[in-house]
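Take the given structure of chain A and dock chain B to it, following the hints.
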Amino acid sequence: MPQPIPILRGTLELLVLRALAWKPMHGFEIFTWLDQRGEGQLELLDSALYQALYRLEEKRFIRAKWGVTANKRRARYYELTASGRSHLRAESDQWARYAATVSSILAPT
Amino acid sequence: MGQVRRNGFLHSRPNMSKRERLERETDAEIRAHIAERVESLVASGMSRSDAEREALRRFGPYDSSRAELLQAARHREQVLTARDRIDSLVHDVGYAFCQLRRSPTLVLAVVGSFALGIGANSTMFGVVDQLLLRPPPHITAPDELVRPTRGTRTLSTEFTSTSFSYPDYVNIRDNARSFSSVAMQTYPNPLSLGLGEDARRVQHILVSGNYFSTLGVGAVLGRPLLPSDDIPPTGSKVVVIGYGLWQREFGGKDDVIGSTLLLASRPFTIVGVAPKGFSGTGRRPIDVWIPVSAAEGLRFAGENWMTEYRTVWLSMVARLKPDISSASTGEDVAAVIKAGREAATGVRDSTTFATPAESYLPRRNELTSTARVALLLGAVSILVLAIACANVANLLLARAMQRRREVAVRLALGISRSRLVRQLLVEGMALAFLGGAAALAVVHWGGALVQRALLGESVWTDSTFSVRVLAFTICVAVVVGLVTSLVPAIQSSAMNLSSSLKEGSKGSGVARSRTRSVLVVVQGALAVLLLSGTGLFALSLRRVHEVPLGMDLDKLVIGQIDLRSVGINDELAEEYFRTTLDRVRRLSGVINATVAEAAPLSNWSSFVGISIPGRDSVRSFDDGPSIHGVDEHYFSTVGTRILRGRPLEEGDMRTGAEPVVVMNEEGARLLWPNEDALGKCVQMKDRGYESICFRVVGIAENTNRQNVVESGTQLRIYRALTLPQGYGPRSYSLIVRPAGNPAEMVEPVRRVMQSAMPGVPYANVQPMDAILDNELRPWRMGATMFTAFGVVALLLSALGLYGVVSYSVTQRMHEMGVRVALGAQRGDVARLVLRHGLALSVFGISVGLVLALASGTFVGPLLYSVSPRDPLVLGSAAIILVAVATIASLAPARRAARVNPLQVLRSD
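Protein chains in written order, with numbering that gives the first Met the number 0: chain A, 0 to 108; chain B, 0 to 907.
The shape of chain A in the complex, shown without the other chains (with noise of 0.2 Å):
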């Protein structure tokens, strides 16, 4: 298995983002479902994960909710707002433009 990929600063918000775009979810299911995505390739870190759901959070991005989860155990659930749906769409679409720069820059001619 080649080594994971460090995960670049600021994209992990976005990434988190996007994962709750899909439905609200706790911690560890946005970390499945990224593991899951990046197909294992990206590293991710335990700690820096909840340091990015609690800054999205502050941001107003998402907002939290006490649940239980399908264990029967009480868990934080994460949920898109309305301004983080927007932000996620912006950011996005800045994303792809940035990495579609970077790849034909960098693409052998």
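Hints are not guaranteed to be accurate.
To be verified - Quick list of the computed label-pair ranges, beta carbon to beta carbon:
(1) A:Thr100 with B:Arg20: 45 to 51 Å
(2) A:Thr100 with B:Gly59: 42 to 48 Å
(3) A:Glu38 with B:Arg20: 36 to 42 Å
(4) A:Glu38 with B:Glu19: 39 to 45 Å
Read the hints as simulated data drawn from the structure, not as lab findings.
Computed from a prediction, not measured in an experiment: that's the story for all the values here.
From the three backbone atoms N, C-alpha and C, an ideal C-beta is built for every residue, glycine too.
Just chain B, lined up with the frame of chain A:
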């Protein structure tokens, strides 16, 4: 706008601290995360113990990660809490404005009340601030500056003076140990700028070269005066001009430095411009500062000004050395003066004694009557504000009661009581700030008027709208906002939920209407107090106007000119006045005109000792005898009646005529108590004509010498303006009696005075009422302001009473209906309501009268020959209030009388 509410967790301990709860929640989240991972690892086939170890490993170093997360969570909570607060405040403000927009009449009434109340206070604050609180502007450390004084003790009297001679000043400057620097200044005096028909008047003072450095004031343009400008006996002919003069005469242009100013026909070079608003240590505007040694011919002390001890004509500004108090400077100053005088004259100085120096800060212990009136009006404006607040509180209470059902519903829906109180407070504050903003408009428009009327000619008045006034207004708005909304807010939040919901909007609210009644009583009391003040001041003003002056001053124009300042000698001066008088008498619209040594009530008199042949000595009189040189037109122009004998006539003015005088009644009574003064002989100890016998040819009625209001009358002697022996008068005033409006005569008279001879300085021509105005100002001011405030108070309390009575009628409609249904006459019902309104106001009036009687001691000294407890005034105030209360209760009474019992009873 929705508010984000975050859910709590683990409410097992309700008194848990926020911090503790946050820690628990974060820990719970971490545990849930690890547990979920364990489940997922077990599900993928790992043994539970391995899975637990792996989950912990993946989480990383537990303690440090947990600490990091906790910190992030704490930060999150702080930010969110702050945002929530701001959001809910914004929401409350929005809600408040939304609610207010629904009742524009209420907003108008409240904002109007606040605007008047706060506006009155801010205006008076501005005035009091200028009169009493603020030190003279631009001066460095004004608290260190003092005005040295000296005491003089003669056999009969003892007095303190701030006036010194020039050699006194030099001695104190060089030898007093208490001061780091001592400067001198004269009192501001008018001076002619330009000559002849272009002449204008400017205010000048003479100062020493170290004046600006002692005050610590620089120039905004050029340089201040320096010690090198003032080297006696002849200093440099340079001046610093005031900011006002710079703007007026030179359009504020920079090239003014170096240009020449013709002051009383002497050229001076402008070297600097003083800062805007700088007026030295006083409050009167100053246009020109001249070095004392350069002011040849402008000095009061004459030729020997540098050595003459006897003429005291200047005051001093001294900066105290550190750690020296103004009280301790007295001995130092007195010792220096004594030593100097003794060394110069060789005579022991036994008359000077030590007195402490005075502060240049506004004097709080020694109030002028204008300042006292301003303070009183300040207190009155607080009363007006109190009435306005009572009114607003009343309106808000009424509103709170109309909204009982709404509030009850919101409480039932779970809004917290503290939140409710906050919303009501926000609403009150919003109203108060709207009122405050409107009050600033009141200050801006009304304040300028009040200040001009109260402070008169003062440089500081151009700053009616200072930062201090703004800050004061904001503070007052906050306080009144809190005060007026707190009572309704507390009452609303304390409401009984179920009964309010059941009763709907017509509930009994006994406690609340009691609060409102108290407010109405307070308003009534304050209104009576203000109305009494109005009456007392108006009566004072009338009494002052009725004072017999022995002159008819209503319609006079006074013209003054200082010919000596431009070097016109006495002979030419006589000719000038002869020509001027001649031309003025021929002006159309002039009934009469005269030239005299002094204008009526002008404070100018020569005091001369007198003797009577055959008597050893004439006892000295406290304040006189004053000798007054007049021409043959004087008595008829001024309106002083000759009681016996004849007035001075043209023949008496001629050279070689028999020397005669007219004496006032008081003089005749004092000198010849049991004889007829006519034909008697008086000798004056003056300028070499001691041996001449002046025969008394007429007795004139007594007149006031200096003030409209003065105690006692003095011995007064009128002699011919031009004495037969060729002694000219010491000064001249032109007195004109026009047929029409004196103000319209000012310019024609001034034109004559300005052109009667080439090269004359500025002639100062004023209607007599302008001169009297200064003296009458405190009473006039008191009367006008009290009237304004009194009317406002009356209106506000009428409104308040109407509100309460009208509300109680609404509350008691049901009862009224029952009464009518049971056979009560409609008149009875109306009387019932009227009685309620009158009972409230009578109670208020009684309280107000007690207050008025109690405050009499403070108001008394400000009144003129009116008792502060004048029964007529107090009675009228009470009657006016009863009348207004009746009118205010009439409309609700009519409404009650028209009640339809069927309708009211059915609506239950």
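Structure-based check of each hint:
Checked against the hint of 45 to 51 Å, the C-beta distance between Thr100 (chain A) and Arg20 (chain B) comes to roughly 47 Å, which is consistent with it. For Thr100 (chain A) and Gly59 (chain B), the hinted distance range of 42 to 48 Å is not satisfied, since their beta carbons lie about 35 Å from each other. Distance hint check: the CB atoms of Glu38 (chain A) and Arg20 (chain B) are about 39 Å apart, consistent with the given range 36 to 42 Å. Range check, Glu38 (chain A) to Glu19 (chain B): about 41 Å between beta-carbon atoms, so the 39 to 45 Å window is met.
The structure is inconsistent with hint 2 alone, although it conforms to all the rest.
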